[in-house]
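> Given the structure of chain A, go ahead and fit chain B onto it with the hints provided.
There are 2 protein chains.
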Amino acid sequence: MKLATLDTPAALVDEACLQRNIARMQRQVSGLGPRLRPHVKTTKCVAVAEQQRAAGGTGITVSTLREAEAFFDAGFDDILYAVGIVPAKLPAVKALRARGCRLIVILDSLAAAQAVVQAGPGLEVMIEIDTDGHRAGIAPDAPLLLDVARTLHNGGAVLVGVMTHAGASYDCRTHEALQAMAEQERSRCVAAAERIRTAGIPCPEVSVGSTPTALSARHLAGVTEVRAGVYAFNDLVMHGVGVCGLGDIALSVLTTVIGHHGTWMLVDAGWMAMSRDRGTAGHALDFGYGAVCDEAGQPIEGLVMGSANQEHGLISWREGFDGGSLERRFPLGTRLRVLPNHACATAAQFQHYEVLKAGGSITRWPRFNGW
Amino acid sequence: MKLATLDTPAALVDEACLQRNIARMQRQVSGLGPRLRPHVKTTKCVAVAEQQRAAGGTGITVSTLREAEAFFDAGFDDILYAVGIVPAKLPAVKALRARGCRLIVILDSLAAAQAVVQAGPGLEVMIEIDTDGHRAGIAPDAPLLLDVARTLHNGGAVLVGVMTHAGASYDCRTHEALQAMAEQERSRCVAAAERIRTAGIPCPEVSVGSTPTALSARHLAGVTEVRAGVYAFNDLVMHGVGVCGLGDIALSVLTTVIGHHGTWMLVDAGWMAMSRDRGTAGHALDFGYGAVCDEAGQPIEGLVMGSANQEHGLISWREGFDGGSLERRFPLGTRLRVLPNHACATAAQFQHYEVLKAGGSITRWPRFNGW
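Residue numbers (numbering that gives the first Met the number 0), protein chains in the order written: chain A, 0 to 370; chain B, 0 to 370.
Only chain A is shown next, with the shape it has when bound in the complex (with noise of 0.2 Å):
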């Protein structure tokens, strides 16, 4: 299978760009200290966890128990599930334990630590923090980490250490902001930690990370462990948070000229294929539902898919820009490639990536979907 002869729409990866990308962030967080465990949830695909544990990688991260089950048969038997566990979901956990897997859960309340501890010794934990007040976690400073803490280790959970995720850092726009979120990440994490140890308590590690903090560390010093995920991949969104180029971004959705109307052209990937994710909304460069690429996957300048249907997708100028007749420049049946706001959201939409090697040939990997 060559490039030309796909069928459209299809998510399509070029190996060598998601190579770099993986090296980049495994040398960034090995050249800092800390281990790196990928989050494997933009991807969700066994061949590209390989890769991120052949150049270094220990462990993964994922955000839900299938991902858990389905990477633990492909050979990953060290997982952290990275999303508040609840006392429904200890059974299955439990299972997967029981079949030899390392999974640790996170969970940032008393009641969801009592129900941990009921469901039996040994289970291993980590608290979430908040470090940035954006979705999730107990406060470095509050009262209830120690009840939290104290709980666990005295209930007969293994308190593995504490961990965060700085979500806020995709709101920041230059570097220094994101140092500055990178540096608030880790210092109020690796403070949890010393709180929790100086009560008594074991709190061996301090797992940090999102990507665009991960990139712009300048040191870690107390954190053991980094997680990221969407680096694999990179999207327009972290072309506008700062951290990656347009050139960085290793998956694109492959499309058809399908037909010409007004002022923009239609294409067969619509939000069905790239997602209903506007990320770049709020950005300085707004690219609606993805930049446009030519079939070799370089940037066409000012083109963008301005809106999209199920279906069809909408691709026109730049409001200012005008790069001509979009008929005669592209013609019913001219393929090009769309680069996605948010890679985990638009990969997502594909049951299977289409692998563009180094030498041109195609292969495909899958992914999977659902719960």
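These aren't lab readings, by the way, just hints derived from the structure by calculation.
Given the structure is predicted, the values throughout are model-derived calculations rather than measurements.
Careful, some of the hints might be misleading.
[Stated by the list, open to error] Some chain A residues flagged as far from chain B (calculated, every beta-carbon gap over 10 Å):
id : residue
1  : Pro-86
2  : Arg-196
3  : Gly-322
4  : Asn-368
5  : Gly-369
[As the list claims (entries may be wrong)] Pairs of lysine-lysine residues, derived as DSS-like cross-links and limited to a Cα-Cα distance of at most 25 Å, are as follows:
id : chain 1 : residue 1 : chain 2 : residue 2
6  : A       : Lys-93    : B       : Lys-1
7  : A       : Lys-93    : A       : Lys-356
8  : A       : Lys-1     : B       : Lys-93
9  : B       : Lys-356   : B       : Lys-1
We put the beta carbon where it would ideally sit given N, CA and C, even for glycine.
Coordinates of chain B only, in the frame set by chain A:
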């Protein structure tokens, strides 16, 4: 399996509601005269399409060749592929027709008409008409219309008729505006057919449709077929447009409360489950990522999913509404249903539906995704 023991998140379908929705649309369209050709892109589920057929639906509409293939394999042999055809997809169209499937394609350009003619005689085609300036199609009064019709007719293709989709109806907010849009869709599509017939070219079918216009039309003189899809499930966008109530939404996402933080609570349905669709963002009542109901499906006034990460939904009271402490009212482990903005998008995040039968039991219906 019972509702109380389903893993979350899950795509829950209330079968009684689904059946009411199917019956309502069939009654409306049959009452006005035309056939109803359900669009299966919303549900992508054979069991639902079988119920639509049993209710009186004639043939189906699809948005991808993958849908055409899957539904033909399941016994549906009269299919309209309602996305503009391109040369590269004609071999797959011919292959399906060779297997005995009546597969009709659509187009709106001379280039596509010439490609269809060159692909060999007898292909069945509809010309797409632009009745609302929304996306695609040829204007009813454009010279191009007769050029395309002649190219097809003289070239040996079978011109089945004309078709249109008044996507602009989604922007209507009053019953009067919807009625006017339905009449515009009808009258302009009929006018296009009349022009072709006046030129001496047979044009038997006039196919129109969108859920809002189909449910609002007062008469459909000259129309032979109506297409609609989302009516089977309905959603918050249809509610905002004014063609259904909250109690008419058959699809919801079953979810579990996994934490409390600040002014919100977290559930295990994030945008991966709800989709990134923010279809009510421009409505008088913005539901964020979804309207929240209790586990039994009763809407909880003032409670919305205001934001979402991949596997985290953040639910809070609407600004200005105070429903009390979320932690006390909805403790860890509480199960809720979230009504989606856009059923087509939310359903596509799942591999199957958990169907709640009238008696309370749960049946699983597969759906499919991809291309």
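> Against this structure, judge whether each hint is valid.
Structure-based check of all given hints:
no. : hint                    : result
1   : Pro-86                  : violated, 5 Å
2   : Arg-196                 : holds, 24 Å
3   : Gly-322                 : holds, 20 Å
4   : Asn-368                 : violated, 7 Å
5   : Gly-369                 : violated, 4 Å
6   : A:Lys-93 with B:Lys-1   : holds, 23 Å
7   : A:Lys-93 with A:Lys-356 : violated, 40 Å
8   : A:Lys-1 with B:Lys-93   : holds, 23 Å
9   : B:Lys-356 with B:Lys-1  : holds, 10 Å
Violated hints, in rising order: 1, 4, 5 and 7; the structure is consistent with all others.
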